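Engineer: Chain residues, written in single-letter form:
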Amino acid sequence: MDTTPDVDADVVVVGAGCAGTAAALKLAQAGLSVIVIDRGDTPGAKNLSGGVLYTHAATDLFDGFLAHAPVERVITRNVVQFLNAGSGVAIDYRDQALEGNAVSVLRARLDPWLAAQCESAGAMVMPGVRVDRLVIEDAGGQRRVLGVEAGGDTLRCHHVVAADGVNSFLSRAAGLRSAPRPNQLAVGIKSTVALDAAAIEARFGVSGHEGAAFAVVGDCTEGIGGGGFLYTNRESVSIGVVLRLDDLAASGKTSSDVHDRFLAHPLVAPYLKGGELLEYGCHLVAEGGLAMVGEIAMDGLVVVGDAAGLTLNTGLTVRGMDLAMASGAAAAEAIAAGQANGEAAGIGADYRRRLFASFVGKDMETYAKAPAFLERRRLYGAYGDLAASVLRGAFLHDRRPRRHLASVAWGALRGSGIGLSKVAGDGLAGVRAL
Amino acid sequence: MTLSLAERLGRNSYQLDEELSHIEIDQVAAKRTGAGKILEAVCPAHVYTAQPDGSVGIEYAACLECGTCLVLAPAGVLTWHYPRGSFGIRYREG
Chain A
19 MDTTPDVDAD VVVVGAGCAG TAAALKLAQA GLSVIVIDRG DTPGAKNLSG
69 GVLYTHAATD LFDGFLAHAP VERVITRNVV QFLNAGSGVA IDYRDQALEG
119 NAVSVLRARL DPWLAAQCES AGAMVMPGVR VDRLVIEDAG GQRRVLGVEA
169 GGDTLRCHHV VAADGVNSFL SRAAGLRSAP RPNQLAVGIK STVALDAAAI
219 EARFGVSGHE GAAFAVVGDC TEGIGGGGFL YTNRESVSIG VVLRLDDLAA
269 SGKTSSDVHD RFLAHPLVAP YLKGGELLEY GCHLVAEGGL AMVGEIAMDG
319 LVVVGDAAGL TLNTGLTVRG MDLAMASGAA AAEAIAAGQA NGEAAGIGAD
369 YRRRLFASFV GKDMETYAKA PAFLERRRLY GAYGDLAASV LRGAFLHDRR
419 PRRHLASVAW GALRGSGIGL SKVAGDGLAG VRAL
Chain B
228 MTLSLAERLG RNSYQLDEEL SHIEIDQVAA KRTGAGKILE AVCPAHVYTA
278 QPDGSVGIEY AACLECGTCL VLAPAGVLTW HYPRGSFGIR YREG
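These protein sequence lines are chains A and B, in that order.
Counting from 1, position 289 in the first sequence corresponds to residue 307 in the working numbering; the numbering is continuous, with no gaps.
Counting from 1, position 62 in the second sequence corresponds to residue 289 in the working numbering; the numbering is continuous, with no gaps.
If you are wondering where the hints come from, they were derived from the structure by calculation, not from laboratory data.
These numbers come from a predicted model, not from an experiment.
Incorrect hints may have been included.
Said to hold, decoys possible - Taking lysine-lysine and the DSSO-like style, the derived pairs with C-alpha atoms no more than 27 Å apart in a straight line are:
#1 A:291 with A:271
#2 A:440 with B:264
#3 A:440 with A:387
#4 B:264 with A:271
Claimed, not checked - Some chain A residues near chain B, calculated using beta-carbon distances under 8 Å:
#5 125
#6 224
#7 270
#8 272
Note that the Cβ used here is the ideal one computed from N, Cα and C, for glycine as well.
Model the full assembly from the supplied sequences, consistent with the hints where possible.
Structural biologist: Structure, rendered in C-alpha cells:
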C-alpha cells in the first residue's frame, strides 16, 4: 500500500518490546509502512522481564524463533515452592514434553533480534527516541490520534500502536486508562548473577540447553503479596521478588531489603554461591487481570501488551510476553484489514474482537478471579507453614510414637490457627479462580 | 552477595542526563503528606531520601525507571517521566 503524502508512515509503533515488534512485523508483512520508536538506545535497553517466555506466540509470528532467536535455556523443570523461614515444600515438575514450550530470556539480547526481524520485513526501527505525546485532533468532541511528537518533531500516521509498556503514559494521556491502583501492580526486583554453565547444570539438575524455573511463595516476601522467582539463563541466573504495591506500602518494609533477604535465605543462597552480580534492576508488573484491561483503542490508536494490562499471574505461571506478542499481532491484523477496506473507524472494535477471540482474551477471562484470590494473605505465610508442619509430622522421627497422616494433618491445621472453614473457602476459591 | 545498594547500582550501565532530571518533587506537598518515608522505602534503587525536615532528597541518576514511586506517591507530590531518549538505565541483562 502506498503511503499517502500527508503521513510519515501508515503506522507508528511506540515501543520495541514483545508487543510492539510483533505488531510491526505483521504490519510490515501486510505491506504497510511502519516506524517503530523506542526510547532505549538499542531495543531492549529499557526492558526487563523475569523472564520466562512461553514460546507459542513467538513461534507463530517469528520465523525460525526456536532455532535462531537468542534465548537462554529451554525450561524443562518447573519448581513451585512454599518457602518458610526454616523449611520449604515444593512441587518439582519435570517433563520432556515441555521441550520448546518455554524459554528463559534476557531482553537486552532478545529484543534486538525481534527488532531486526521487523527491519527485515521492511519496518523502520528508530531507537534512542522518547515519544513525548500523542498528537490528538479534537473536532467537535470527535477525538482522533494523528501521530506522535518526539523530541520536538512530529510524526504523522494513520494509526499509532501504543506498545509503551506497563506505565503507558500515552494511553493515560489519551484518557483511555486511569492511573492503576496499587493492588493492580507489583514491582519485580531482579538480580542477574553470573554462574558458569557447569555450576548451573550441577545445582539445578539440568543439562545442555535445559533450564529450570522456580516460583516461590511465602517467607520470601515477608507476608507481602507476591513471590520469589529464580530462572536459569545460559551462564547466569535471574533471581528476585515480585511485590504487590499495596502490600509493600502497607508493610513499611524497604523493597530492596525484601529482595536481599530472599537471596540470602538459607534455602536459596546455596544456588548463588560464588556468583558475581551482573546487574540489578526492577520493573512493574500488571497484576490486575481482566479487570485492568479496560479501554484499549480509540480513533487512530490501539494499545497492546503490558500497556493494555495484558499480564496473567495464575499462581503457578506468570505470563506477559506471549500475551504481548499475540495482542500486537491482533492489533496489526485489525489495522491491516481496516486499511485494506478503508474502514478505519472500525479498527478499535475489530482489534478487541480479535483479541478476545484469541487465547489472550480467553485466558484473561478464564483467570479473571485470580487477582482477588491471590490477595488472600494466608498464601504468603500460613499455608507454607501448614504444609511443612504436616510433612514434619511424617518425616521427623523424634522418638514419639507415630500417628496416622490424617491425624498429623488435622493437628497441624488446628495448630496453624487458619481453621477448617477458611481452608475450605480458600480451596474452593482457588479451584474456581485458577 | 553482600554488596551495598550503591555497589550494586555501580554494576549497572547508565547514560546520565546531566542537564535534566526526570524527577521533580513538590517539597511543600511532600512535607505535608509525609511522602519521603514512603518513597524511601518502596524505591528499589533508593533514589529518594527522607530528610529530617520532611523534604525529599532525589538521586535521579540511580533511577531504574520502574514507576513504583509514581503509583505510591501521595497525589500532587511527584512529577515523574521517563528520561529523554537514550538517557537513563541501559539494561544489559534485563
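Engineer: Now tell me, hint by hint, if it's right for this structure.
Structural biologist: Here's how the hints hold up against the structure:
For the hint linking residue 291 of chain A to residue 271 of chain A, the alpha-carbon distance of about 26 Å falls within 27 Å, and the restraint holds. The suggested pairing of residue 440 of chain A with residue 264 of chain B is violated, with an alpha-carbon distance near 35 Å, which exceeds 27 Å. Between the alpha carbons of residue 440 of chain A and residue 387 of chain A the distance comes to roughly 18 Å, so the proposed pair stays at or under 27 Å and holds. Pair hint residue 264 of chain B plus residue 271 of chain A holds up; C-alpha atoms about 10 Å apart against a cutoff of 27 Å.
Checking residue 125 of chain A against chain B by beta carbon gives a least distance of about 4 Å; that is within 8 Å, so the hint holds. Because the closest C-beta pair between residue 224 of chain A and chain B is about 20 Å apart, greater than 8 Å, the hint is violated. Interface hint at residue 270 of chain A: satisfied, since its Cβ lies 6 Å from the closest Cβ of chain B, which is below the 8 Å cut-off. The beta carbon of residue 272 of chain A is positioned within 8 Å of a beta carbon in chain B (closest approach about 5 Å), and the interface hint is therefore held.
The structure fails hints 2 and 6 (numbered hints given earlier, in ascending order).
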